[in-house]
Amino acid sequence: MKPITACKIGCEGVIVRIRAKEPIKGRLFSLGLAKGSRVRILDHTLAKQTWEIESDGTKIALRDEEAESIFIEPKECAA
Amino acid sequence: MKKIRVALAGQPNVGKSSIINSVTGARLHVGNFSGVTVEKKEVFIERGDYEIEIIDLPGIYSLNAYTPEEHVAKKYLYEEDYDLIVNVVDANTLARNLIFTMQLMDMQKKMILVVNMIDEVEKQGGSIDKGKLEELLGIPVILTSAKEHRGVDEIIDQIVATHESDKPKNKLYYDQRIEEQIDKIVKVLHKSPHFKDPEYARFIAIRLLDRDEDIYKIIHDLPIFIELHELLGKIYRELELEYDEESTSDILSDERYALSKALVMEAVKKPEVKVSLTDRLDRLLIHPVFGLPIFLFFMWLLFQLTFEVGSIPMDMIDAAFTEISNVVKATLPDGAVQSVLADGVIPAVGSIIMFLPNILILFLGINLLEQTGYMARTAFLLDGFMKKFGLQGKAFIPLVSGFGCTVPAYMAARTLKNPTDRIITMLVLGFMSCSARLPVYVLLIGAFFPTAHAGNILFIIYISGAILGLIVAKILRTVLFKGEPEPFVMEMPPYRFPSMKALGMELWIKTKLFIKKAGTFIAGASMIIWFLSSYPHSGTIEESYTRKIEAVQSEEAKAALENEMAAKALENSYLGRIGKTIEPFFSPIGFDWRMSVAVVAGLAAKEVVVSTLATLYAVGDADERSNTLIQRLRDNVTFKAAIAMIVIIMIYSPCIAAMSTFWAEVPQWAWRGFYLVYPNVLAWLMAFGIYRLLDMMGY
Ligand SMILES: Nc1nc2c(ncn2[C@@H]2O[C@H](COP(=O)(O)OP(=O)(O)O)[C@@H](O)[C@H]2O)c(=O)[nH]1
Ligand SMILES: [Mg+2]
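Residue numbers (my numbering), protein chains in the order written: chain A, 868 to 946; chain B, 421 to 1119.
Think of the hints as simulated: they come from the structure by calculation, not from any bench. Honestly, I wouldn't trust all of these hints.
[Said to hold, decoys possible] Subject to a maximum C-alpha distance of 27 Å in a straight line, what follows is the list of computed BS3-like cross-link-like pairs (lysine-lysine): (1) B:K921 to B:K902; (2) B:K937 to A:K942; (3) A:K888 to B:K902; (4) B:K749 to B:K978; (5) B:K681 to A:K942; (6) B:K807 to A:K888; (7) B:K807 to A:K875; (8) B:K589 to B:K611.
Make the full structure from the sequences, and use the hints.
What follows is the structure in structure tokens.
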């Protein structure tokens, strides 16, 4: 289990925990990010301040603070 | 005729507006939701005995509303009187959309599910089993593609059918343990006369478990509140312990999530996962290294095109209006009517219409950015950067829209949830030069810079405005508002080829509005300016000059004297007097009274700046050879004063329409007052600084 921000671009996994507080948690959920959803890390900016992830066809941009609160069990990781 | 009111609800970008636009035989009406300036699109359709009214609600991700716009949609769904809900979902992301559908189903209103964008799913080899979905959800389902006009009119038939049918309403059951608690809450609710209706009581109970603040407020003032409050506390604890979750809201979410997964599993044949166009484009467009340079290149290109392509028809339009003016001069007898038309209204309207091509190109560009989905990427790219200035990435969207028009940009700031972020964004939005300011820039650049650099100068002006905005935002954040900007979580919609029809419509509407404005508001304003600049006639000036003119022999001397007379008369006019009164205020930045008047008139609308300059410099100029406004400006205005004018236009208060939008959006008097004063003070100070600097550098 590790936060999204510890993963590399291309990494895939299943969400095991979301530590964010409401209302962010609710927002993430309504975008399809919940315990058990599969996510893939698509991109981050040069300074790794903003991340883009994908889950079930939805692409979501979030800041490192929010990304840090999402923990995944990595499945396929290129290194 | 009987009426059916339909609330059209769905997550953002599912194609609600496209559906409404493609319903056959519909009358569209655009207004505002009562009390707020969120655009409200309604269509009216007649079908059989019914008049059907469909209201396009703002996109909403879930009933746990987040942004101000979502609150508008939620409030409508909760409080307004309508007969049924049409819930539009995106076939591509059905699982996530269905979670919201389930929340809507909890309301137990009559409901129809419209699965839009079916074309995209089918193109990739997937399919959706409509019958299965209907069976599992218990509500009618229609598969549509607004793009291909498939199934859209079926929606209307289904609305009538559902309205007429008395089929019992569907009910969504949760886990037994949750249902038991719902029943307990319902029992207490029944004690109040407000919640006698079992369906409504059930809905309230579910929303209370979902920790809905708005519902909590409703029960807060009721006599049953104490009993309910105690019960809820107990239920929250019990359920949270039982499910090992932090909140009952999470438990419900998990339930809905599992249910929607199961539904999708049953009813959807997933397309094979391929690398989509969006993925491929994103690899380049939001590349960690190349993303930003590419974005800057796009912006630069936009301003180049705006200037270069936009200037092609300009001379033709200019010539056409000069011709009209000459015809008027030739046909009408000399006098006030001829003068007001030929010297006042026609040149003024012409000087504005001339810029229509520029404005359309800029608008088209910004619309393209928005509709293709690229704008969301720019928010992603710039969030880190924006955060340094105390803003967040999403604020970028209203800021870029501000280059088009400040009015919708103020409204776009609604997507920012945090009130502080919103007010800061709105306070600096005026520094993003709107397209109405473009004519002033184009005119001054044309007069004082070589043509080869024009596009670049324009780009620099816009960029400086943006940079100034960021700096001011930073100052506001550190001085006036403590605390962090709101978190940034945003959907990146797939890239879509924009609908040409929709783009064409937007441009056409823009053109129509612009010409209407030029023909009414601007023509009216220029008539006032003309009147103020032509009256009162001073007998003494005319007499003394007429005698002098008769006395001299050479044609040249005559022309010179005529010029002088016109200039004297203008200075003596009402406008001249007003100008002279305010001139001391503007003279430190090198303005003559005419520029001062133009800038002040620009508070009504920025286009008026150009038309006022056109009128004022035309009246005082009887020289036929230099009859372009550009030439007149070169003769009368210094380079440093022109730059100071650009700076003023860039920074000072936007037009009346924008100012009143700000007032409508911001209820606090302190901010309203601040908003009226600070841009003007800042504009003057900046213009003064730059003017003095240029002066020292010897310009
Ligand atoms: N392929 C496809 N695109 C669609 C369809 N409906 C809408 N769109 C596109 O999806 C985008 C969002 O549509 P819009 O009507 O603005 O969505 P709204 O936010 O729900 O009002 C636009 O670019 C539309 O052209 C459809 O059925 N198929
Ligand atoms: Mg819409």
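Hint-by-hint comparison with the structure:
The suggested pairing of K921 of chain B with K902 of chain B is violated, with an alpha-carbon distance near 46 Å, which exceeds 27 Å. Between K937 of chain B and K942 of chain A the alpha-carbon distance is near 60 Å, which puts this suggested pair outside the 27 Å criterion. With a C-alpha separation of about 21 Å, the suggested pairing of K888 of chain A with K902 of chain B holds against the 27 Å cut-off. A distance of roughly 21 Å separates the Cα atoms of K749 of chain B and K978 of chain B; the hinted pair therefore holds under the 27 Å criterion.
As the CA atoms of K681 of chain B and K942 of chain A are separated by approximately 20 Å, the hinted pair is consistent with the 27 Å bound. Taking the CA atoms of K807 of chain B and K888 of chain A, the gap is near 20 Å; set against the 27 Å cutoff, the hint holds. For the given pair, K807 of chain B sits about 23 Å from K875 of chain A by alpha-carbon distance, which is consistent with the 27 Å threshold. Distance check on the hinted pair: K589 of chain B and K611 of chain B sit about 24 Å apart at the alpha-carbon level, within 27 Å; holds.
In this structure, the hints that do not hold are numbers 1, 2, in rising order.
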